[in-house]
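Trainee: Chain residues, written in single-letter form:
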Amino acid sequence: MTFRGKIAIKFAKFVAKLCLKMGRQGVTWAGLIARKIEPNILQILSSQIREKVYIVCGTNGKTTTNNMLCTALQSQGKKVICNRTGSNMLNGVVSAFVLATNDDCTLDADYACIEIDEVSTKRVLPTLKPDYMVLTNIFRDQLDRYGEIDITIDILSTAIGMAPNMILVINGDDPLSLSLAKKSGNKFITYGISEKVFDADEDAEIREGRFCAMCGAKMHYNYYHYSQLGDYECKECGFKRPCIDYSATEIEHGDHLAFTVMGKRIGAKYKGFYNIYNILAVYAVASHSGVDMDGFQKMLDNFNPENGRIEHFNIKDTDIELNLAKNPAGFNQNINAVMADPKDKDIIILINDRDQDGNDVSWLWDVDFDRFAQENIKSITVSGIRCQDMRLRLKYVDIESRLEPNIATAIKSKVENGVKNLYVLVNYTGLYSTRNILKKMEEEQ
Amino acid sequence: MKIVIGHLFPDLLNLYGDRGNIQCMVQRLKWRGIDAQVKTFSIEEEINFNELDIVLLGGGSDREQMLVCNRLKEIKDQFKNYVEENGVVLAICGGYQLLGKYYETDQGKIEGLDIIDMYTVQEKGRLINNIFLKSELFDMPIVGFENHGGRTYINDNKPLGKVVFGKGNNGKSGYEGVVYKNVVGTYLHGPLLPKNPQLCDYLLKNALERKYGRENINLEPLPDTEEKEANKYIVDRYSDKIENFKEKIRKLI
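Just so you know, the sequences run in chain order A and B.
Here the first sequence stands for residues 1 to 445, where the numbers follow the numbering used here.
Here the second sequence stands for residues 1 to 253, where the numbers follow the numbering used here.
Here chain B stands alone, though its shape is the one from the complex:
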């Protein structure tokens, strides 16, 4: 078995250790004896979505997103077909924003892929801190680090999780990210996948099932001691009320 991961435009969208997400997927496949191939696409390269099993769209600065936006227009239909045919996508931060209809910044409006009925508006102040969520998909919480000026409104779509500590999509709804078909969009860095092996395996399982058929896939569990401990560290740190209070005071000063 083999999974092909397409990393889109890492030359522009690679703001925060996206390498970690790739490395995590590749290793977790390798540890189970499944082949993994990473194809990176720079902005001028042709993309054949038919040969991809997972697409990663990372984060970039507003300036870089603007550059990507023009290219995205050209591949919009292919990308949309891939998603509608249950292609697996992980879109983070800037990449997440680009999945929607548009991202309105004070420098102008960036047109999105319009794959999911959602939109993003830049509002005053950035939402920056550690964050953790409770998702319906898993028992284990999802932890990460958010840092975004845009506020995303996902309309009636399903969020990735409920915010237990942090701000999430827009600081108001109490939810973070979006799940649509086999697409996961989120603001979470950290990088996201290493400390959330449950989410990484969810993406891998979806990709494998799509390619080889549900009945043929049984993703062996891995020990994940280090992963679970690193995840638990963040959860414990922000579940502790006294620690939370101290953190708030520190931020105020």
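One chain only, chain A, in its complex shape:
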């Protein structure tokens, strides 16, 4: 370790502590400072990892997948570096390594599990040399920052080009991911759900990748799961869902999840069809890289999708479920999860438009909110910076909502005058603060 590197680490740690004292996360600042003092800091520290470096990218499911992979490795007694809080731009990644160092400024770690924002991959990959990249899926997300979905794919493609030895682990049900993997020339393995699960009408939801990413012809689907995920085939050029390496069958979903992969039955006690993909991705990458899979089920039993990706609170006898909903694909999946609960419920939706959320809120109109017109939904409160837009969105599907820009007030009001079953759906920048508010209210009662 260079003297400069040590200074960088010490100073960054100091700033992180200071931020924490002031009640802020501080992760971004610590990373920025470390990088400014020692530009090679990421390279220096990542080369100290003894076994493998994994990165996780993709529009939805990054944090859950990455945290689950980390937990799987830790359950084998391994030491793992992980950006658990979901700070996934360059500074957040640097910070994960820097803040994990010992007092002598060196790392003692077997693995690194790092989630990276798609746009940041081109800044991270030149210095971090991962062994594997898990690509969860490519959906439309935060368009104003990325421009268009094609731009996201271009950026990922450039970044993957910088790491030719990195093995890609992709969702074979996603034609956009597959075409990206095929064009990259990197070695890739696939996972997928290999049976028809939903009886959905085909036109409603496939919005991305309806046209072959290879030749532009219209794609044919034998079945599809959600968004553009499913069993697809282009009759023009022959591009189709590949032979899946880690294939899930005998699917059960609803209030729990279960499926069979590689002859093993796997179950999880949480909701959300999309979580099958997250579990499969972890299974595929861990298994392929030689991790012992015997304890996988036990790990899942103890795993809790963290940091607001479904978190439960109980305040004054009101059951509260907090969930992140930041783009149409994710939001529609969240609506499924809410509708799977037959009990009476109140809903709070918080929409912000800060940079990490995307400044453009047009995507709200691509979410199927009409499905909220149900008897058992007793009230909807809209909150956050763009609550006005959310209220308007609901008005045009004939659903009335109450405007309350302040989220703490909104929650308090429903805890006091609600039906004791509350769902709070928030987009990105609302997550940390909403979670803190809920935690505090839970402790103070």
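Just so you know, the hints here were simulated from the structure itself, not pulled from any lab data.
Where is the CB? At the ideal position from N, CA and C, for every residue including glycine.
Among the clues, some could well be false.
Cβ-to-Cβ under 7 Å is the rule here; a few derived chain B residues that face chain A [claimed, not checked]:
| # | residue |
| --- | --- |
| 1 | Gly190 |
| 2 | Pro223 |
| 3 | Thr225 |
| 4 | Glu226 |
| 5 | Glu229 |
Dock chain B against the given chain A, drawing on the hints supplied.
Mentor: Just chain B now, with coordinates in the frame of chain A:
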């Protein structure tokens, strides 16, 4: 009374909540007791412009626009006739660019419908942010969100509005969009119509008058409380000089 809305190629041109624009038109007709029918046309389907009262051409990525462009060549004359006969068109972003002579990108030149004497050139950097305009057509400002790499030059045509905050057609002229006969072309997403009910009603009124005769149409005003408040939120946010300054600093960092 009944209005038929033709949504062109939503399988390719549907980048930003265009569903919202359709939903807005349909609901505002329905709330006034007027029937609405939406016909979506995928790229291989025949389009009979005679049975359409409003045509919506949405936005797509450059790749998708290239695919649409070949199809447009085949319907160019019919589309042009529809416009010259005062057919109502709302064209947004990619669809707006396609109304002109061409769109020059670094991947090649995309030939347009050549309905309006204007053209678009891709220039460095994308123009991305909230935007609001003052239009001669309405008292209420037009608000939205722009996100485009192309710069559109509308020659002597009438713009939709003057940019109060944002970039507009090309970041230089100070104007946004175009109005030609009953065609409105604009870069504004948001989606455009829900927060701009005045513009939505303008399109609906034009379509109804064309179909049923001016003397027979009296479009009842709607309360529009939520619409006006959402519109005002953007206007206030970007009229505030201190907020503007903060926003600029934030973008710089």
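Trainee: Is the interface hint satisfied for Glu229(B)? The criterion is a beta-carbon contact with chain A at less than 7 Å.
Mentor: With a minimum Cβ separation of about 6 Å from chain A (threshold 7 Å), the hint on Glu229(B) holds.
Trainee: Close enough to count: is the Cβ of Thr225(B) nearer than 7 Å to one in chain A?
Mentor: violated, 9 Å
Trainee: Given Pro223(B) was flagged as interface, is its beta-carbon under 7 Å from a beta-carbon of chain A?
Mentor: violated, 11 Å
Trainee: Let's test the interface hint: is any C-beta of chain A closer than 7 Å to that of Gly190(B)?
Mentor: holds, 6 Å
Trainee: Is the hint on Glu226(B) kept, meaning its closest Cβ partner in chain A is under 7 Å away?
Mentor: Holds. Min distance 5 Å.
In summary, the numbered hints that this structure violates are 2 and 3.
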